[in-house]
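Here are the chains, one letter per residue:
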Amino acid sequence: MQKRLLVKGNEAVAMGAIEAGCRFYFGYPITPQSDIPEYISREFPKVGGTFIQAESEIASINMLLGASACGQRAMTSSSSPGISLKQEGISYMAGSELPGLIVNIARSGPGLGGIDASQSDYFQAVKGGGHGGYHTIVLAPNSVQEMYDLTMLAFDLSDRYRVPAMLLGDSVLGQMKEALIPHPYVAPADLPAKDWAVSGKDGRAQRVVKSLYLGDGELEAHNWKLHRKYQELREREVRCETAGLDDAKLLVTAFGVTARIAKTAIRMAREEGLKVGLLRPITLFPFPDKAFADATAVAKRVLCFELNTGQMVEDVRLSVARDADVFFYGRPPGAGSLPTPEELLAQIRKHYKD
Amino acid sequence: MSSALQQVFAHPVSLKDVQTHFCPGCQHGTIHRLVAEAMDHFGVQEKTIGVASVGCSVFLYGYFDIDVVEAPHGRAPAVATGVKRACPDKFVFTYQGDGDLAAIGTSEIIHAANRGEGMTVIFVNNTTYGMTGGQMAPTTLPSQKTSTSPYGRNVANDGYPIRMAELLAQLEGVTYSARVAVNTPKNVVQAGRVIKQAFETQIQGRGFSFVEVLSACPTNWGMDPLKANARIGEEMIPYFPLATFKDTSAA
Chain A
2 MQKRLLVKGN EAVAMGAIEA GCRFYFGYPI TPQSDIPEYI SREFPKVGGT
52 FIQAESEIAS INMLLGASAC GQRAMTSSSS PGISLKQEGI SYMAGSELPG
102 LIVNIARSGP GLGGIDASQS DYFQAVKGGG HGGYHTIVLA PNSVQEMYDL
152 TMLAFDLSDR YRVPAMLLGD SVLGQMKEAL IPHPYVAPAD LPAKDWAVSG
202 KDGRAQRVVK SLYLGDGELE AHNWKLHRKY QELREREVRC ETAGLDDAKL
252 LVTAFGVTAR IAKTAIRMAR EEGLKVGLLR PITLFPFPDK AFADATAVAK
302 RVLCFELNTG QMVEDVRLSV ARDADVFFYG RPPGAGSLPT PEELLAQIRK
352 HYKD
Chain B
126 MSSALQQVFA HPVSLKDVQT HFCPGCQHGT IHRLVAEAMD HFGVQEKTIG
176 VASVGCSVFL YGYFDIDVVE APHGRAPAVA TGVKRACPDK FVFTYQGDGD
226 LAAIGTSEII HAANRGEGMT VIFVNNTTYG MTGGQMAPTT LPSQKTSTSP
276 YGRNVANDGY PIRMAELLAQ LEGVTYSARV AVNTPKNVVQ AGRVIKQAFE
326 TQIQGRGFSF VEVLSACPTN WGMDPLKANA RIGEEMIPYF PLATFKDTSA
376 A
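Going down the list, the protein sequences come from chains A and B.
The letter at position 68 of the first sequence is residue 69 when you use the numbering used here, and the numbering goes up by one with no holes.
The letter at position 47 of the second sequence is residue 172 when you use the numbering used here, and the numbering goes up by one with no holes.
It is possible that some hints are incorrect.
Pairs of lysine-lysine residues, derived as BS3-like cross-links and limited to a Cα-Cα distance of at most 27 Å, are as follows [claimed, not checked]:
1. A:K195 <-> A:K178
2. A:K211 <-> B:K141
3. B:K172 <-> B:K141
4. A:K354 <-> A:K264
5. A:K202 <-> B:K371
6. A:K276 <-> A:K230
7. B:K141 <-> A:K195
8. A:K178 <-> A:K211
9. A:K4 <-> A:K250
10. B:K270 <-> B:K321
11. B:K321 <-> A:K202
12. A:K128 <-> A:K230
13. A:K351 <-> A:K264
14. B:K371 <-> A:K211
15. A:K301 <-> A:K264
16. A:K301 <-> A:K351
17. B:K172 <-> A:K202
18. B:K270 <-> B:K172
19. A:K47 <-> A:K4
20. A:K202 <-> A:K250
21. A:K195 <-> B:K371
Calculated directly from the structure, the hints in this document are not laboratory data.
The task is simple: from the sequences and hints, build the whole structure.
Rendered as structure tokens:
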């Protein structure tokens, strides 16, 4: 029988990172993600890793930039207000084509907000977040197992495309415990060599990791190069979970923790005889736009469910078939605002048409 | 009798043979050369990773023939922390100006120093933001006129110039902290010695080393190079004394 562990989502992230060969962690304490640095600070000494509790979120993202520039797998983790502080460094990493993992165990906002689960950082995560027009790869787990698996995948995708990756969880996913089946990490055989990393020139030509391009036409060419990588990600790396699309009259879409609530509500609706399907984006960038176009060739009504007042729904509207109707149900995050399956079932009934 | 001529002066190997973008009379070129000479002296060019900052020194990679990582404004000590931890056997230095290190980057420099990171920081203090056109810096002297202190720095409103070399010398994590100037031949020679001492501190694995270099910015000071150079001795050194404030590298 496979080994099953009962662990927190935050611990699963740390375990996945260590298994994937990450040996550099830089972070700053913030609720509800502090289990990640706590776990790593305990386990890294056993595997020769470097853990630094930095003086700030800004310093930690820049330490990540430095370690990544040396070709090492490195990560930081934080929660919403801390992720805002890291945006400067994320923009520089994107501009410098540096891989690296940024984990956002999101909490509610704006400002200090609260510590409850939230999906109000969707825009920040998928539309760049910092200045300059870039993307990070954004993966949205919805279980403790996926917190582990997608952490490994994030490192692989980030290394392959030299695009920083973000794991977007929330305080429910980070804090809840459920079964995890750990498995050995196997590096993809075709990951490109990091022949751009600095190491001291030692007989070869100088290497420079930078985002400044002042020469005539240089920055435009650089941005086109980044754009081509984002297009490549859109073509090759989209991931989503679907269910019941064959006969669905209503498609429910949600990511992360709300997709768990949606799944229960869909099961309840199916028990009532309502033909309801699920499309759960796992990659938020690249967004599964083709999957939405395909699904809405059948299901002409879409209900988007989020723990905010409507963010992913904008990307859903841009992706669905032209004759599909998109409805939204969401609540701003905060204590007591996590909707129940019954609440969502009522929305399904409201928008369902045979 | 031997007729062989001995070469006593050459272009440093670590420095590219290119023209710089620096203004006439700017002393970044002199400081670059001293840093390159120290690199050559210890033979570390091939194992050096430089961390460039934001300001006039941003083109570090254009002048030094070494691997370079460019850091966001003020963050060079944090980037260098990541670099040094990932590559502990490499020689790692940052080269930062006064706006970068003593204003927007105070948190990063203090904590990198306090952790005793095994890096060397070259800090160029010219009492102004050079790259952006001569605004008031954290090191701008009282009453000094800049483009954002047009009536002179008013310490009641703007606070006081920060003496970084002394401040960092207070930290347990710092092994070496000194201030030098490059305004006279004697001071240039002394600056070269101090930079070598700071490099040796890192090479010997003895921790964090910091060298503040007083430097002229004739363009933004509105002076010709000779007057700007004279100002260093007349106005800067009295406020920013030249000294080694801490050296526990032999301990």
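- Index of numbered hints that the structure contradicts, given in increasing order: Hints 1, 5, 6, 8, 9, 10, 14, 18, 20, 21 contradicted; others consistent.
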